[in-house]
Amino acid sequence: DGGITQSPKYLFRKEGQNVTLSCEQNLNHDAMYWYRQDPGQGLRLIYYSQIVNDFQKGDIAEGYSVSREKKESFPLTVTSAQKNPTAFYLCASSISGVYNEQFFGPGTRLTVL
Amino acid sequence: QQQVKQSPQSLIVQKGGISIINCAYENTAFDYFPWYQQFPGKGPALLIAIRPDVSEKKEGRFTISFNKSAKQFSLHIMDSQPGDSATYFCAASNSGGYQKVTFGIGTKLQVIP
Chain A
4 DGGITQSPKY
14 LFRKEGQNVT
24 LSCEQNLNHD
34 AMYWYRQDPG
44 QGLRLIYYSQ
54 IVNDFQKGDI
64 AEGYSVSREK
74 KESFPLTVTS
84 AQKNPTAFYL
94 CASSISGVYN
104 EQFFGPGTRL
114 TVL
Chain B
3 QQQVKQSPQS
13 LIVQKGGISI
23 INCAYENTAF
33 DYFPWYQQFP
43 GKGPALLIAI
53 RPDVSEKKEG
63 RFTISFNKSA
73 KQFSLHIMDS
83 QPGDSATYFC
93 AASNSGGYQK
103 VTFGIGTKLQ
113 VIP
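Protein sequences appear in the order of chains A and B.
Residues 4 to 116, numbered by the numbering used here, are exactly what the first sequence covers, in order.
Residues 3 to 115, numbered by the numbering used here, are exactly what the second sequence covers, in order.
Hints may be right or wrong, so weigh each one.
[As the list claims (entries may be wrong)] Simulated crosslink set (BS3-like; lysine-lysine; CA at most 27 Å straight-line):
1) Lys86(A) / Lys60(A)
2) Lys102(B) / Lys59(B)
3) Lys59(B) / Lys60(A)
4) Lys59(B) / Lys44(B)
5) Lys102(B) / Lys44(B)
6) Lys102(B) / Lys12(A)
7) Lys17(A) / Lys44(B)
8) Lys59(B) / Lys12(A)
9) Lys102(B) / Lys74(A)
10) Lys59(B) / Lys73(A)
Quick caveat, the hints were computed from the structure, so don't treat them as lab data.
Quick caveat: nothing in here was measured; it's all calculated off a predicted structure.
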């Protein structure tokens, strides 16, 4: 089955620790995205990548880092510099080009203890 | 700066009624307006989308109305059902260059029997 997988579904971390969220897609999509979802704030773009080995900051990139070494993988690292990391994180992918639907993964809920 | 303003944030509708969610945008370069549906604990999924060359698009019980001069668009859910209870996001994107999608803050819809 084609789709996007995110792991883990729930993640707990202590303050001061870095944590990496996994995102894998087998849709052969060129573009991948990371969003953060907080109640009452919609979906905010953290990072995006249109091709392998290239990525750009979104609207709220501070405290986050990404890599895009393979077309199917786009991991997100939440660093200790992110002041309010507790949130629901969503990964998405799409075919590069106009008017293309973004396909979302099931999300990872990160809680900082 | 909220480029896509969505209202209301929450909506309660009786079964069989019409659910209406409104969005307004500021950037006249936006030329693609999708709506996403999200169930609790899941990632959003594309529901219906419209381009500004048409004023209305209907798919089953879901209709998008688009007013280009007012820079507004809305989602109408006819004969609302309890299974429609979800969070709905309007969004907008610009086909020129990178296809960044700007999301509204979301509307939590509850359809009561």
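Going down the list of hints, with the structure as the test:
1. Taking the CA atoms of Lys86(A) and Lys60(A), the gap is near 17 Å; set against the 27 Å cutoff, the hint holds.
2. A hinted pair counts as satisfied when its Cα atoms are at most 27 Å apart, and Lys102(B) with Lys59(B) qualifies at roughly 22 Å.
3. For the hint linking Lys59(B) to Lys60(A), the alpha-carbon distance of about 33 Å lies beyond 27 Å, and the restraint is violated.
4. Of the pairs offered as hints, the one joining Lys59(B) and Lys44(B) holds, with about 26 Å between alpha carbons and a cut-off of 27 Å not exceeded.
5. Pair hint Lys102(B) plus Lys44(B) holds up; C-alpha atoms about 21 Å apart against a cutoff of 27 Å.
6. Restraint check: the Cα-Cα separation between Lys102(B) and Lys12(A) comes to about 26 Å, which is no more than 27 Å; the hinted pair holds.
7. With a C-alpha separation of about 25 Å, the suggested pairing of Lys17(A) with Lys44(B) holds against the 27 Å cut-off.
8. Restraint check for Lys59(B) and Lys12(A): the C-alpha separation of about 35 Å exceeds 27 Å, so the hint is violated.
9. Proposed proximity of Lys102(B) and Lys74(A) is supported: the alpha carbons are some 19 Å apart, at most 27 Å.
10. Restraint check for Lys59(B) and Lys73(A): the C-alpha separation of about 38 Å exceeds 27 Å, so the hint is violated.
Of the hints listed earlier, those the structure fails to meet are numbers 3, 8, 10, in rising order.
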